[in-house]
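Undergrad: Each residue of the sequence shown is one higher than the last, beginning at 1 in UniProt numbering.
Think of the hints as simulated: they come from the structure by calculation, not from any bench.
The model shown is predicted, which means the values in this text are computed figures rather than measured ones.
One or more of the hints may lead you astray.
For each label pair, taking beta carbons as the anchor points, the in silico distance ranges come out as [stated by the list, open to error]:
no., residue 1, residue 2, range
1, P101, G389, 27 to 33 Å
2, G526, G324, 28 to 34 Å
3, E534, V491, 35 to 41 Å
4, P346, D107, 54 to 60 Å
5, T144, A472, 16 to 22 Å
6, A354, D503, 52 to 58 Å
7, P376, E407, 20 to 26 Å
8, P346, D91, 32 to 38 Å
9, D91, T289, 32 to 38 Å
10, T344, E534, 15 to 21 Å
All C-beta atoms in this analysis are idealised placements derived from N, C-alpha and C, irrespective of residue type, glycine included.
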Amino acid sequence: MGRKLAVLWAVLLAGLAFPVSVPASAQDGGKQGATLRVGLQQQFDSLNPFLGYTLASTEVFRLVYPTLTTYSQDDFSPIPELAERWDTSADKLTWTFHIRPGVTWSDGKPVTARDAAYTFNRMMSDPAASTANGNFVENFETVTAPDDATLVVKTRTPQATMLAIDAPIVPEHVWSKVTDVSSFTNDQMPIVSSGPFVPVEYEAERHLTLRANEKFWRGAPKVAELQFVNFKNSDAAVQALRKGEVDVVQKLTPAQFDALKGEPDIAQVKGQGRRFYELILNPGAANSTGARIGTGHQALTDVRVRRAIDMAIDRKALVERVLGGYGQVGGGYLPPIFSDYHWTPPQPRPFDIAAANRALDEAGYARGADGTRRTPQGEPLNFDFVLHGDESTDAQVGEFVKRWLSELGIAVELQPVSDNQLNDRTVAGDFDMVISGWSANPDPDYVLRLQTCGARPSPEGGGNTDSYLCDAQYDAAYTRQLNEFDPAARVAAVNQAQERFYDQAAGLILFYGNSLEAYRSDRFSGFAMQPKGEGVITGQQGYWGYYGAQPTELAVKDASGSDYRTAALLLGGVVVLVGVMVVLIVFRRRKTADNRE
1 MGRKLAVLWA VLLAGLAFPV SVPASAQDGG KQGATLRVGL QQQFDSLNPF LGYTLASTEV
61 FRLVYPTLTT YSQDDFSPIP ELAERWDTSA DKLTWTFHIR PGVTWSDGKP VTARDAAYTF
121 NRMMSDPAAS TANGNFVENF ETVTAPDDAT LVVKTRTPQA TMLAIDAPIV PEHVWSKVTD
181 VSSFTNDQMP IVSSGPFVPV EYEAERHLTL RANEKFWRGA PKVAELQFVN FKNSDAAVQA
241 LRKGEVDVVQ KLTPAQFDAL KGEPDIAQVK GQGRRFYELI LNPGAANSTG ARIGTGHQAL
301 TDVRVRRAID MAIDRKALVE RVLGGYGQVG GGYLPPIFSD YHWTPPQPRP FDIAAANRAL
361 DEAGYARGAD GTRRTPQGEP LNFDFVLHGD ESTDAQVGEF VKRWLSELGI AVELQPVSDN
421 QLNDRTVAGD FDMVISGWSA NPDPDYVLRL QTCGARPSPE GGGNTDSYLC DAQYDAAYTR
481 QLNEFDPAAR VAAVNQAQER FYDQAAGLIL FYGNSLEAYR SDRFSGFAMQ PKGEGVITGQ
541 QGYWGYYGAQ PTELAVKDAS GSDYRTAALL LGGVVVLVGV MVVLIVFRRR KTADNRE
């Protein structure tokens with residue numbers, strides 16, 4: 001027995017096991033109760049709300065920071081949040097938001113209009129602070145707070161998104177001391193919060209723990225803690241769910257979802273996703289001055305080549321064979337869950353290898369003696385295809401696309417890389433083809449703006465472009481929808497933007513996957529699904545899913561009967577659980593990692 005204990009301590013001291021500690025709520029005298037543990041397969045790109053834009057990060061921001069309005073759990077309609085009501089001038093250029101009284105930060109200081117004014121002005125004046133959400137304030141003329149309860153925003157032109165400003169509002173008394181937003185990691189715990197949860201403990205690439213905010217204006221959550229546990233892949237997360245080591249797992253593959261059918265104490269959730277899965281063809285990445293950047297193949301600057309590639313991709317086969325039928329064929333830019341803005345091409349490019357070959361022949365990309373096509377200048381059409389290395393969906397899509405394009409005389413080299421590397425290469429334009437995808441908002445403006453010329457990076461960096469498309473017709477349609485308050489006219493402008501995006505074929509929307517999740521029904525219930533009836537728990541537009549979770553008697557009993565935090569070792573996707581007596585280890589903070597949603 002003594003030898004086993006010595007070995008255990010050796011493993012711990014070697015740093016091979018995730019340190020075990022009592023819940024943060026017990027350490028700081030906070031609320032006692034169950035910890036809801038969520039298996040997460042994506043890294044947080046940043047805990048800085050001015051910089052972070054991956055799904056993992058934005059989900060946390062909605063739990064931590066207030067926004068002026070939020071989206072209804074029932075139907076995604078905008079409803080009051082920090083702003084309890086608002087007025088607008090007849091010309092739609094001046095918006096007055098009346099801040100909800102009695103809302104406080106977790107350190108006890110009041111949340112006021114001055115915090116909102118500070119946040120928006122920082123985004124307007126500091127390029128780094130506009131990285132994630134700068135599109136919301138691009139059209140702002142001035143933002144002022146004449147008093148603590150009143151926020152006044154004046155815009156240059158009418159802006160239809162004023163009730164969909166999804167930018168996190170930060171406490172001025174904390175962030176005014178931050179001189180360099182671009183290098184500020186915001187990972188010193190606890191983070192000053194005004195949402196339903198307060199981040200209290202963080203280990204990069206391992207876990208983030210949030211404590212229930214007893215001061216939250218809607219009332220404290222029913223769980224004591226919410227913990228996001230990082231896994232290298234979904235297989236490890238599913239195994240942890242089966243063993244009861246985590247309570248919720250998101251982003252399940254179809255095979256994993258099917259395998260969980262009938263599992264005792266595990267409930268499944270299938271809903272329409274708000275995410276599109278996209279293949280980007282580098283159209284000639286350039287910065288905001290028009291100077292070329294990156295390593296994109298010259299042939300892909302030719303829209304005829306991009307359209308031919310699109311005709312060589314069988315979307316129906318991808319939905320059936322990669323998604324197992326859990327999804328819909330891609331076409332328009334915005335997912336079907338947002339039916340008002342979803343657009344389907346009236347004459348979609350068909351899957352037709354022969355027609356694609358003819359199009360390349362006519363465009364002057366002849367096959368060489370080795371069967372590989374070449375540009376008129378003689379450069380072979382050899383493309384690198386950058387994929388998420390830990391995503392089975394990417395691997396399968398990559399193999400299909402590689403095989404299909406080989407029938408066109410195009411050679412494809414699959415390059416699976418880490419999330420961090422994929423993000424870096426995409427931002428730098430260092431790719432020919434790359435997998436991307438975004439979770440769209442109920443208001444389409446945010447993702448539409450990603451395809452504009454204005455989203456490209458400046459020579460100094462920044463920017464938030466998706467495909468590096470820069471097209472005058474697209475930009476004109478984008479601007480029309482932003483300035484249009486008539487619902488039908490705005491839908492028409494959004495559809496025009498989507499039609500032009502489809503025509504240019506810089507980003508090929510392959511499919512819209514269902515959101516597949518599972519949770520431990522023996523430990524938690526009461527998850528609020530968004531939208532009502534067909535929604536999901538995670539990745540919501542708001543904090544509803546986790547905020548409504550209710551622990552069962554078993555979860556409460558487990559929490560009160562043992563002093564532990566989930567012990568997880570994440571090496572090559574293998575989760576190692578080490579049981580020990582009560583051990584208190586103070587965690588050292590690490591730098592955050594980067595990732596791309």
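Undergrad: Output the numbers, in ascending order, of every earlier hint that fails for this structure.
TA: 1, 3, 5, 6
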